[in-house]
Amino acid sequence: MLVMRLLRIRPLKVLLVSSLGVTIPLSAQAGGPVHGAKATAMGTAFVALADDPSAILHNPAGLVQIHGVNLYAGNTVVIPSSKYISLTGEDGETKSKLFFPPHVYLSTDLGTDNMALGIGVFSPFGIGGRFWESGSPTRYISTKSTIATVAANPTMAWRICPSLSVGFGLFYLHAFNTAEKKIDQSVFGWSEGTFSTEADGGGWGYDFGLLFKPSESLSLGFAYRSHVKIDQHGHARLKNIAAPLQPLFGGSEYRTRVDTAVDFPELMTFGLAYKIRKDFTIVLEAEFGNWSRFDQQELDFENEVPSAGFRDIRVDLDWHDAWILKVGFQYQTGELTYLRWGYCFGESPVPDKSLSPANPDSDQHNISVGFGKTMGRWNLDAFYNIGLFEKRKVHNQILSGAYENQTHYVGFSLDISF
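All residue numbers for the sequence shown refer to the working numbering, where the first residue is 1 and numbers rise by one.
Result set (BS3-like, lysine-lysine): computed pairs, CA atoms no more than 25 Å apart in a straight line:
#  : residue 1 : residue 2
1  : K95       : K83
2  : K229      : K144
3  : K95       : K144
4  : K97       : K83
5  : K144      : K353
6  : K391      : K97
7  : K393      : K353
8  : K391      : K83
9  : K278      : K373
10 : K144      : K83
11 : K373      : K275
12 : K391      : K95
13 : K239      : K144
14 : K391      : K353
15 : K213      : K278
Label pairs and their calculated CB-CB ranges:
#  : residue 1 : residue 2 : range
16 : E133      : G234      : 17 to 27 Å
17 : S81       : S307      : 36 to 46 Å
18 : S86       : D318      : 20 to 30 Å
19 : S217      : S86       : 49 to 59 Å
20 : E335      : A402      : 45 to 55 Å
21 : L164      : R255      : 54 to 64 Å
22 : D259      : L170      : 24 to 34 Å
23 : V121      : D318      : 26 to 36 Å
It is worth saying that the hints were derived from the structure and are not from the lab.
The structure presented is a predicted model; accordingly, all values stated were derived computationally and were not measured.
Idealized CB from N, CA, C, for every residue including glycine.
Just need the whole structure built from these sequences, with the hints factored in.
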């Protein structure tokens, strides 16, 4: 077929899979440290503390610890960078881009000691992506891959007895993805073409949590967030199609609807917080992500072009489940001032076979520091986090080579009590 000549040794199907089938730039960190400055400064080990309104995300049972009406809001600057090195020594880097995932939480104790309500708006699976340089050797697989997720999460919590509280919530998750790549048309003496997609959709899920405090110094926490299957709808575009192929596509550009589905995984978190002394707390946490739900990507084009090999796509991803291990510390330096630091290690759920420049994930180490300061009804939390990804070398049918990644996070949260 002409398209197979166009793409030299790779059939169009394989290259479309690389651009569309692996468009979601996720990691086992599930959005990264962008959900609240206090928790992030402690390595995101927060399920057993959950003592600010971000408990809506981390552990809804913790809302009963918060008195009055509280608004907790902030933002994070995310600065990712990636480098690819081919087996022959060619390299390429991503362009410098900034992303700004916000978070807003509102909670109230309803004037009682045993009940609380809250609602949060946040980005559970991140806002970000990668934009590779135009001449990068990755360009025939990926030049751009982005994701933006936003969830609205109303929550209720009850104190069953002095030592035990529970929380439950429903959430709506919306996800928007884009992907782009170049097509090598040199076999026709034609400049590079462009293939791009964009799709979005939403779905419902639920979450619940438990917080057990057998003593003033010890607390145990558990949280569960359900999986969400999202049917996404959007468009696929081919631009600057080589002249010999234009009769097949009806011109130099082609556009059609594309439908797909993304099954975001359930997350389970277990944690322990222990106050070693009045001014010093340590938190341990483990988080499990059922990423094996990412077993296959299906892409359905409304208008196929069978004569050009442009057909629906099915590709095996075979992601596997992954754990994140966390430890966090908080030291109270003064009556209303806190220093915080933490570390977490996250396994990558992406196997070698489906690793690509669109999502060159690997095991990662996150180191964070931060502080908190209370000023009357106001409380300011701030943090810095660096995500250090282990260098990863793969041999696969998508693009063999080595990847190096690093991400910086700087953020704040401001809490006001009414």
